[in-house]
Amino acid sequence: MRDAREIAPQALMPEPDPIPGWRVLGSLWSAERFVVRIPKRWNGRLAVVGTPAQRSEFACDLLFSDPLLARGYAYVCGNKGQGDGSVLLERGAWFEVDGVRVPRFLLPDGRGVSFWQHAPGHTIERWHEEFLAIARTAQEILTTICGRPPEHTYAIGLSNGGYQVRRAVEESDLFTAALTWNAVLWTPEHNVLRQLPEAVEAMEAAAPERLKALGFPPDVRGISGGSLYEKNLMMYWRVTAWLHAMHIDPQTSLAYRDVADPAPAEAWNERIGAWRFDRSARIAQRVARFANTGRIRCPLVELASEYDHLISPAVHFVPYRRMVEAAGKGELYRGEMIARAQHVDRWCDDPEYPGMALGYPRVMAALDELFAMA
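Using the working numbering, you'd call the opening residue of the sequence shown number 951 and step up by one each time.
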């Protein structure tokens, strides 16, 4: 439930009464986990939900599982094959996967955080593989329990779960329609690693004016004098830049088995602002292997938050719309900006920033509109 709470509005509560039906927990391979839920009053439809960040198969329980089950939809979500996602470590402790020490992102208090994404073989390519695998598995489970496969299957995702959705509808005909919310774009030209390290560098140089040229939305000042740029720097930018850069960089990557020692990645802890995407041609080559194409195969609705300072619309939303149009698929696509919303609605509850708005109500309304199309 912690995973689900961290990304949901404070007012969003679990369903007061359990929804009768079936729950299936499973694993398709080592470190992969998924959950399938089927309401007793199943409407014949299935929602396949991507997982944001380094979160678990339960991360979207409040945002999507509860309301979809109440509407009669079956639900499946996985963990992208990333075990427990992240592990908080005491000072001096290590996290190991299959006997291999995983790099630590060191916190100011001396503790560290390690990520399954850095473990050998845990590459981003597997996220797409896992999403399609849980979709097919859920269809089989529905056939077994309910005696028939789903009539319609939908793909839904937030953040990197939205990236999973984009890749799925670009590569598969399994889906009737799809919706993303603040979806991450991965191409050699547009990605978090071309933006976040430079944002860190700008903030450390006390030069936030540079961020506009990097594609970030304007800053917002808090009641007590802080700012959303500062909040994102501390909470998101440093660790996200380090996580993905160390995952892909051939000089630091345990995931791609370039190195077996966590030290090269840990050496970037305090200087991730100096890291650059073009430092090795192999970085772009790797991203190209799991890059979005825009060649969508079903209707896709995308929602982006105006004040998303992590997955900024100028880098992740606008370019993807252009990719879809360039691929000749514009008639299948609809995009919409949610005014005054942030990357996750949990932040919109912060009393320091009363001018921010929830995105979730518009997301659910858009989902209902999408479902009504088929």
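These are calculated hints, taken from the structure and not from any lab test.
Among these hints, one or two may not hold up.
As the list claims (entries may be wrong) - Calculated cross-link-like contacts (lysine to any residue; reagent style SDA-like; alpha-carbon spacing at most 20 Å):
#, residue 1, residue 2
1, Lys-990, Leu-975
2, Lys-1181, Arg-1221
3, Lys-1279, Arg-1221
4, Lys-1279, Pro-1249
5, Lys-1279, Thr-1243
Claimed, not checked - Ranges between beta-carbon positions, derived for each pair:
#, residue 1, residue 2, range
6, Ala-1157, Met-1287, 40 to 48 Å
7, Gly-1022, Trp-979, 24 to 32 Å
8, Pro-1070, Arg-1041, 50 to 58 Å
9, Trp-979, Arg-1272, 31 to 39 Å
Remember, predicted model here, so these are calculated numbers, not experimental data.
Idealized CB from N, CA, C, for every residue including glycine.
Right, here's what the structure says about each hint:
1. Under the criterion of a C-alpha separation no larger than 20 Å, the hint pairing Lys-990 with Leu-975 is consistent with the structure, at around 17 Å.
2. Straight-line distance between C-alpha atoms of Lys-1181 and Arg-1221 comes to about 19 Å, which keeps the hinted pair within the 20 Å bound.
3. Between Lys-1279 and Arg-1221 the CA atoms are separated by roughly 41 Å; this puts the pair beyond 20 Å, and the hint is violated.
4. Straight-line distance between C-alpha atoms of Lys-1279 and Pro-1249 comes to about 9 Å, which keeps the hinted pair within the 20 Å bound.
5. Restraint check for Lys-1279 and Thr-1243: satisfied, since their Cα atoms lie roughly 11 Å apart, inside the 20 Å limit.
6. A beta carbon spacing of about 27 Å between Ala-1157 and Met-1287 contradicts the range 40 to 48 Å that was offered as a hint.
7. The hinted range of 24 to 32 Å is satisfied by Gly-1022 and Trp-979, whose Cβ atoms lie roughly 31 Å apart.
8. As the Cβ distance of Pro-1070 to Arg-1041 is approximately 25 Å, the hint placing it in 50 to 58 Å is violated.
9. In this structure the hint that Trp-979 and Arg-1272 lie 31 to 39 Å apart at CB holds, the actual value being about 36 Å.
Checked against the numbered hints above, the structure violates hints 3, 6 and 8; every other hint is satisfied.
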